[in-house]
Amino acid sequence: MGLTIGVLLTLAAVTVIAWPFVRRRGAVPGGPSSRGFELRRARGDIYRQVRQLEVDHSAGLVGKAEFRSQMDELRVTAARLLREEAALQEGDAGQPLADPMARLEQEIADARAVLAPAQERSPK
Amino acid sequence: MADLGFMAIVLGLGVALYAAAGSIAGKVYGAAELVVSARRAAYLTAPIALAGAGALIAAFATHDFSIDYVFAHSNRVMDREFIWVAFYAGNGGSLLYVTCVLAIMSAAAIHLARRRLADSLPYTTAILMAILAFFFLVMVVWANPFSHTTCPGPGGSQVACVPDDGRGINPLLTHPGMWVHPPLLMAGLAGIAVPFAYAAGALAAGRTRDEWADAARVSGIVSWAILGTGILIGAWWAYTILGWGGYWGWDPIENVALMPWLTMTAFIHSIMVQKRRGMFRMWNIVLLNIAFVLAQFGMFINRGGPVVSVHSFAGSALGQVFLGFMLLSLVFAFGVFFWRYRWLKSDRPVESFLSREVAFLLNNFLLLGITFVTLWGVVFPLITEFASDGTVTVATPYFNRVNGPLFLGLLAIMGIGPVMAWRRSSMRSLGRWLLLPVGLAVLAAAAMVVAGMREPLAVVAFSVLAFVVLVILEEWFRSTRARARAGGNWAAAWLGVIAGNRPRHGGYIVHLAIVTVAFGVVGTQFFDQRADLVLKRGESGAVGSYRLEYANLKIEERSDRTAQLAHLNVYRGNDRIGTLRAWHAFYPDFRQASVRAGIRSTPVEDLYVVPTDFLEDGRLVLRASVNPLAMWLWIAGPVFVIGTAVALWPQPALEVRPAKAQVAAGLVRGTA
Amino acid sequence: MGILVAALLGFIVLAAGCGRPAPTLEQRAQALDRQLICPVCPGETLDQSGVQIAKDMRVLIRERLAAGDTEEAIKAYFVDRYGTRILAEPPASGISLAVWVIPPVVLAAGAAALWAVVREMRRRAVAPRAEDESLGKYLGAVDDELGTGKRGAP
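Respectively, the protein sequence lines represent chains A, B and C.
Counting in this note's numbering, the first sequence runs from 1 upward without gaps.
Counting in this note's numbering, the second sequence runs from 125 upward without gaps.
Counting in this note's numbering, the third sequence runs from 797 upward without gaps.
A portion of the hints provided could be inaccurate.
[To be verified] Here are the simulated DSSO-like cross-link-like pairs (lysine-lysine), alpha carbons at most 30 Å apart as the crow flies:
| # | chain 1 | residue 1 | chain 2 | residue 2 |
| --- | --- | --- | --- | --- |
| 1 | C | LYS851 | B | LYS678 |
| 2 | C | LYS871 | B | LYS660 |
| 3 | C | LYS871 | C | LYS851 |
| 4 | B | LYS660 | B | LYS678 |
| 5 | B | LYS399 | A | LYS64 |
| 6 | B | LYS399 | B | LYS469 |
[As the list claims (entries may be wrong)] Take a look, some chain B residues computed to stay more than 10 Å from chain A by CB distance:
| # | residue |
| --- | --- |
| 7 | ALA242 |
| 8 | TRP374 |
| 9 | THR736 |
| 10 | VAL770 |
Because the hints were derived from the structure by calculation, they are not lab data.
Glycine residues also receive a C-beta, built at the ideal position from the N, C-alpha and C atoms.
Work out the full structure, taking the sequences as your base and the hints as a guide.
Here is the structure:
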């Protein structure tokens with residue numbers, strides 16, 4: 001019986017592995033649009049750190065000088081990310097993607113980026 | 125069953141190799157279908173490995189002694205529940221377990237990162253699958269769990285046979301701790317491959333921004349937590365079953381599990397600096413490389429046997445194979461690192477000695493220092509064997525003496541680190557922060573001395589622990605008070621503080637767990653008392669403030685062992701405060717004794733009793749000890765797990781407008 | 797203030813060290829048990845091991861201590877019979893000196909390197925970095941998105 005299961009397992013494995021060659025589906029996701037998503041995510045991370053810094057400052061955990069210095073650095077980092085994202089979108093605009101599947105995926109990714117992040121501000 | 129099992133591991137080898145090669149080829153030549161196919165192959169390795177494991181477990185359940193592994197690790201009288209332990213009791217089976225775990229973790233790692241790390245994922249897949257293929261290969265060629273049993277035949281040869289009964293399971297493994305300690309330990313060590321693969325894959329793909337950092341952090345913390353829990357449970361196992369009242373012997377096998385854990389501890393701290401300030405990128409890659417190579421070193425020591433230990437699997441030619449793989453890993457890891465070295469530089473320097481960055485650097489320095497000392501202690505006896513005639517032993521006293529101060533320093537940093545600000549801390553704010561904790565800690569030290577504590581090191585250690593706890597409590601107090609001002613009770617406010625920054629506060633809870641472990645360590649190391657008692661029935665002897673009376677002895681015979689259960693009454697002064705049962709068994713087939721200590725545990729101290737000898741005249745020889753604060757070592761376990769869970773609990777994302785809308789608004793406003 | 801704290805702590809610690817009761821014979825024997833390795837066990841001290849030879853050695857230690865031998869003499873006796881591997885800590889002489897010397901040397905070197913690196917970074921950091929002009933409007937957009945928070949505590 002063990003041998004039978006083994007043979008079946010092998011056949012199943014070969015089928016699963018060969019499937020993508022039989023049924024072609026198009027480009028693998030990844031590319032300029034996901035870079036923009038990544039930049040937005042990083043900016044969101046920075047904003048969360050800004051909120052946390054404000055909370056810490058109001059609780060007296062961070063002194064005035066440290067607050068100013070950290071806040072400035074966070075703002076500059078966020079601004080740089082924003083600048084890069086803007087440059088990226090300009091570059092994107094010049095080259096519409098030829099492959100319909102990839103274009104659809106880009107639109108989905110863009111829509112997700114606006115809608116998906118939970119609409120919740122961390123409490124002050 | 126042997127057929128299915130062997131087919132599974134051969135199939136697994138083929139599929140893993142295909143997955144590795146296909147991922148790289150598909151990525152390099154832009155063949156998308158090949159990449160997808162290779163990814164599916166990677167997912168497949170999990171059910172294939174599980175099929176092999178299922179075959180082995182079924183063989184145990186049906187007492188299939190035609191398989192050598194089943195013969196060597198089970199018998200007909202064995203309780204069925206120990207089949208799980210027998211599964212990984214030996215070389216072949218534990219390799220199969222590691223393979224299953226690694227296959228499952230790899231599948232999860234690939235699947236969860238398929239969108240965010242899409243660019244580097246084929247390389248990550250290839251790395252994980254190459255490691256997996258190695259384990260399959262070892263099983264197929266050198267450590268086949270499904271090889272046939274052989275018996276001595278005519279003329280001194282070995283012939284295939286099917287014995288009636290097996291040898292049985294090693295008695296040291298028949299303890300509840302053994303259900304979780306080896307599986308967690310091996311899973312934690314194997315899991316280090318995942319953050320390593322994320323990082324090395326990102327480097328290979330040329331993406332040296334920070335996308336891999338989040339994935340590496342989460343997977344790193346998960347495997348670090350699993351490994352840490354496994355180590356702690358192992359200490360508990362040693363405490364209750366090895367019979368000498370200790371929980372950590374600086375055994376080479378223990379050490380090789382500790383070293384990757386320490387390195388990963390350094391990583392999970394240092395990655396925070398990368399997330400917050402974009403620094404230490406190179407160093408984080410180096411840490412992952414070191415951790416991964418040390419995990420391979422652990423496999424080599426564990427299965428190659430150049431060092432002697434209560435733990436190791438019997439020495440075999442397998443050692444050279446694992447040594448080779450470890451060296452290969454070393455070359456590959458640092459090769460990729462130096463290839464992409466320039467891309468990892470950060471444009472931000474350290475600005476002040478009084479900064480959280482420097483605190484993290486010190487934390488890393490001490491952790492790696494302890495790792496180095498431990499490695500040196502493990503390796504040194506081997507060096508002297510080669511270099512000179514005599515051998516030296518490097519055991520507990522050495523490690524305690526050299527690592528002790530480093531651990532103390534680490535605890536001190538644990539207290540100071542949270543107080544430091546990023547970039548630069550002013551002396552004024554540091555002073556404001558530290559006044560209360562330091563003052564109270566010094567007061568505590570004075571109080572201990574006045575109360576009669578005469579161990580200087582213990583006084584210092586306890587004070588440092590108090591300091592660490594006070595710093596955390598101070599931050600929690602201030603944050604909670606600020607939050608409660610806005611309305612609501614303090615309990616809700618505190619929970620809100622924790623939930624507001626989960627990585628940080630989860631980290632504080634983990635720090636408290638470490639403090640708890642240290643608390644138990646200091647108590648048991650400095651204040652333990654021991655007495656060897658020889659008692660007739662009815663007689664009693666003293667240890668610490670207790671009196672132990674030998675009440676009764678019960679003898680149980682089983683086909684594979686003879687066990688004696690001693691009943692003891694415990695007195696303090698004239699009051700009887702309880703009874704203890706201490707158990708001792710001898711297994712003739714294994715020539716091994718096994719004990720279960722009688723332990724009476726209170727938060728203040730453990731009363732620990734083990735029977736060591738049964739004399740012919742009916743007297744009982746007992747080893748009794750009082751271990752202060754031992755219970756806290758185990759209380760730390762759940763606290764550690766809770767802290768890790770809080771730290772990993774995902775935080776909701778903040779709303780962020782896309783750049784187009786942003787820039788339009790910014791243009792309207794002009795410059796800031 | 798730091799110096800005051802250190803001095804205070806040092807004084808307390810010193811006080812802790814004094815006034816310790818002298819160790820009993822059994823305590824001295826137990827301490828010795830932890831410093832000697834069982835000859836036939838894999839890396840276990842006499843304290844940890846349960847085999848017969850370890851028990852015999854523990855009895856021997858107590859007999860000799862009672863007869864007035866010092867700890868050093870007893871250790872030397874065992875080293876004579878079994879070699880240096882009987883000691884749980886390598887002696888601080890000959891090749892095994894390396895086991896004691898190397899860690900402090902490596903750690904000191906590491907600390908020195910760390911200090912030098914941080915100091916060098918600090919020197920470079922003192923010169924302020926010029927912010928690029930083009931960042932201005934993006935800073936404005938960031939501040940806008942952060943709302944009132946950018947000014948300080950709400």
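message: Checking one constraint from the list: CA of LYS399/B to CA of LYS64/A, max 30 Å. Satisfied?
response: holds (23 Å)
- request: Would you mind confirming whether the straight-line C-alpha gap from LYS399/B to LYS469/B stays at or under 30 Å?
  value: holds (14 Å)
query: Are all beta-carbon distances from TRP374/B to chain A longer than 10 Å?
result: holds (39 Å)
message: Tell me if the straight-line CA distance from LYS851/C to LYS678/B falls inside 30 Å.
response: holds (25 Å)
- prompt: Taken at face value, is the distance from the CA of LYS851/C to the CA of LYS871/C at most 30 Å?
  reply: Distance of about 16 Å is within 30 Å: holds.
field: VAL770/B and chain A, when compared Cβ to Cβ, separated by more than 10 Å
entry: At about 15 Å from chain A, VAL770/B clears the 10 Å cut-off, so the statement holds.
- request: Could you check that no beta carbon of chain A comes within 10 Å of the beta carbon of THR736/B?
  value: holds (47 Å)
Minimum Cβ distance from ALA242/B to chain A greater than 10 Å, as the annotation requires: For ALA242/B, whose nearest Cβ neighbour in chain A is about 3 Å away, the distance does not exceed 10 Å, so it is violated.
task: Compare the distance between the alpha carbons of LYS871/C and LYS660/B with 30 Å, and conclude whether the hinted pair is satisfied.
output: violated (34 Å)
Proposed proximity, LYS678/B with LYS660/B (alpha carbon, max 30 Å): Holds, because 15 Å separates the two Cα atoms, which is no more than 30 Å.
The structure is inconsistent with the numbered hints 2, 7, although it conforms to all the rest.
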